[in-house]
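K.L.:
Let the sequences and hints guide you as you build the complete structure.
Just so you know, the sequence shown maps onto residues 1 to 195 in my numbering.
Mixed in with the good hints, there may be bad ones.
Estimated spans, in silico, between C-beta atoms of each pair [stated by the list, open to error]:
1) A18 to S131: 30 to 36 Å
2) D42 to D3: 30 to 36 Å
3) E144 to A176: 31 to 37 Å
4) E106 to G79: 36 to 42 Å
5) A119 to T33: 36 to 42 Å
Read the hints as simulated data drawn from the structure, not as lab findings. Keep in mind it's a predicted model, so treat the numbers as computed, not measured. Just so it is clear, CB atoms sit at the ideal spot from N, CA and C, and this is done for glycine as well.
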Amino acid sequence: MTDQDLDQFCFNLRSVIAGRRVSLVGNAASLLTTRFGQQIDDGCVVRINSGVPIRPAAQGRRIDIHCFSTRSSFLYNMGRASWRVRLKRRYFDGVFSVWMSAMERELCEDPQQAFYPIALLDDLTARLGASPSMGSRALHMLTELTEAEIWMFGFDFKESVSYYRRKDNRGPHDWAAERDYTYSLVREGRVVLMR
Numbered sequence: 001m002t003d004q005d006l007d008q009f010c011f012n013l014r015s016v017i018a019g020r021r022v023s024l025v026g027n028a029a030s031l032l033t034t035r036f037g038q039q040i041d042d043g044c045v046v047r048i049n050s051g052v053p054i055r056p057a058a059q060g061r062r063i064d065i066h067c068f069s070t071r072s073s074f075l076y077n078m079g080r081a082s083w084r085v086r087l088k089r090r091y092f093d094g095v096f097s098v099w100m101s102a103m104e105r106e107l108c109e110d111p112q113q114a115f116y117p118i119a120l121l122d123d124l125t126a127r128l129g130a131s132p133s134m135g136s137r138a139l140h141m142l143t144e145l146t147e148a149e150i151w152m153f154g155f156d157f158k159e160s161v162s163y164y165r166r167k168d169n170r171g172p173h174d175w176a177a178e179r180d181y182t183y184s185l186v187r188e189g190r191v192v193l194m195r
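P.N.:
Take a look at the structure:
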């Protein structure tokens with residue numbers, strides 16, 4: 001990614017946020033027991049992977065930004081998700097989307113596709129000592145490239161499973177390190193963790 005590409009990415013990201021508070025919505029099943037839907041929808045809504053809302057009172061309805069790993073993993077997970085998620089498979093169409101993984105980028109045929117900067121990925125990987133989850137990547141992207149206040153919903157660092165998966169998928173991530181990273185941002189006052 002050239003400096004010009006990074007500048008354009010930051011401009012596009014900030015344009016979508018448009019001065020609003022960001023609602024970064026994770027996919028922890030524990031979110032489904034809350035009533036955060038309206039608070040989520042009041043911000044610029046960022047959703048992750050296959051996070052189609054199935055309980056609007058808990059998860060909200062809106063989406064402004066979609067962060068996903070790779071196109072193939074997104075399609076695979078959508079195909080294996082519960083029927084309530086698969087039924088809404090077009091939910092992510094037409095929103096500003098960010099390809100978060102370094103993998104398979106050369107396969108992308110969409111000239112408008114935005115990519116999470118590799119330099120940020122390398123920085124976060126070194127900080128955590130493991131491959132970051134898409135949620136941590138999205139948080140890092142938002143804190144590094146924007147001035148927005150970020151409210152996080154649906155992040156419990158794998159105390160519960162991802163609501164759209166049938167089996168637990170912990171991935172190659174260090175959940176304790178991700179929790180510590182998030183709490184460091186909370187202490188700085190930039191991030192609010194809603195639980």
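K.L.:
It remains to establish, for every hint, whether it holds in the given structure.
P.N.:
Going through the hints against the structure:
For the hinted restraint 30 to 36 Å between A18 and S131, the CB-CB distance of approximately 31 Å keeps it satisfied. Distance hint check for D42 and D3: the Cβ-Cβ separation is about 34 Å, which falls inside the suggested range of 30 to 36 Å. With their beta carbons about 22 Å apart, E144 and A176 fall outside the hinted range of 31 to 37 Å. Take E106 and G79: their Cβ atoms lie about 23 Å apart, and the range 36 to 42 Å is violated.
At about 38 Å, the beta-carbon gap between A119 and T33 stays in the expected band of 36 to 42 Å.
Checked against the numbered hints above, the structure breaks hints 3, 4 and satisfies the rest.
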